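Colleague: Chain by chain, the residues run as shown.
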Amino acid sequence: QKEVEQNSGPLSVPEGAIASLNCTYSDRGSQSFFWYRQYSGKSPELIMFIYSNGDKEDGRFTAQLNKASQYVSLLIRDSQPSDSATYLCAVKAYSNYQLIWGAGTKLIIKP
Amino acid sequence: DTGVSQNPRHKITKRGQNVTFRCDPISEHNRLYWYRQTLGQGPEFLTYFQNEAQLEKSRLLSDRFSAERPKGSFSTLEIQRTEQGDSAMYLCASQGGQTNSPLHFGNGTRLTVT
Chain A
1 QKEVEQNSGP LSVPEGAIAS LNCTYSDRGS QSFFWYRQYS GKSPELIMFI
51 YSNGDKEDGR FTAQLNKASQ YVSLLIRDSQ PSDSATYLCA VKAYSNYQLI
101 WGAGTKLIIK P
Chain B
1 DTGVSQNPRH KITKRGQNVT FRCDPISEHN RLYWYRQTLG QGPEFLTYFQ
51 NEAQLEKSRL LSDRFSAERP KGSFSTLEIQ RTEQGDSAMY LCASQGGQTN
101 SPLHFGNGTR LTVT
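In order, the protein sequences belong to chains A and B.
At position 35 of the first sequence (counting the first as 1) the number is 35 in the working numbering, and the numbers step up by one without a gap.
At position 48 of the second sequence (counting the first as 1) the number is 48 in the working numbering, and the numbers step up by one without a gap.
Note that these hints are calculated values from the structure, not bench results.
Every value quoted in this text rests on a predicted model; they were computed, and no experiment measured them.
Since no wrong hints were added, every one of them can be taken at face value.
Quick list of simulated restraints, FRET-style, between CB atoms: (1) B:GLN17 with A:ALA68: 47 to 53 angstroms; (2) B:LYS14 with A:PRO111: 41 to 47 angstroms; (3) A:PRO81 with B:THR13: 34 to 40 angstroms.
Straight-line C-alpha distance at most 30 angstroms; calculated DSS-like pairs for lysine-lysine: (4) B:LYS71 with B:LYS11; (5) A:LYS42 with B:LYS57; (6) A:LYS2 with A:LYS56; (7) B:LYS11 with A:LYS106; (8) A:LYS42 with A:LYS2; (9) B:LYS71 with A:LYS42.
What the simulated footprint calls covered on chain B by chain A, stretch by stretch (three residues with Cβ under 8 angstroms from a Cβ of chain A suffice, anywhere in the stretch; the number is not a length): (10) 35 to 42; (11) 97 to 104.
Heads up, the beta-carbon is just placed ideally off N, CA and C, and yes, glycines get one too.
Given these sequences and hints, build the entire structure.
Modeller: In structure tokens, the structure reads:
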């Protein structure tokens, strides 16, 4: 059974600090990794994707991938109250089209 | 680019009734997915189309669920004889380019079965 694990939270971070969200996956054949943000009652919105080991930065967001440790993370710098949402990690194996989803981490940014 | 469009946004129905949802993907995307999501969970895969071909359907999916994509453009998801356990957010996503490209979601259809 392929799994993606996330801490459900809530993770509470002061405004302006760095929020760190973590995700582990079980399938070593995984090739593509995605972070989605989901506000309550809304659909998932793509934040970042990463395919290679290392860091990938986009504005205030940095995705980090370590395939040896089967670990992907999302860092949010200068956290804003508008970043308060559930963050979903999704992982795709090379061998098929399906995404395996984590249950999400609820992030709360406190003003 | 108008993004992925789903209709209706909300649907309330009585148990035992049939419901149909529609999804219009991003026009150049040839792959289309249906997911279901309940509170506190990640999206649960239902089915997948490449163009008009339905290539996969979740083994967990009841025979009451059926989906079509007749011309490889819009798709419909029908649930027959709805049950209270069908209450959820139904999400459609489309994908273009490589198979490892990101999925783009519509706003979803929230189904409530009373």
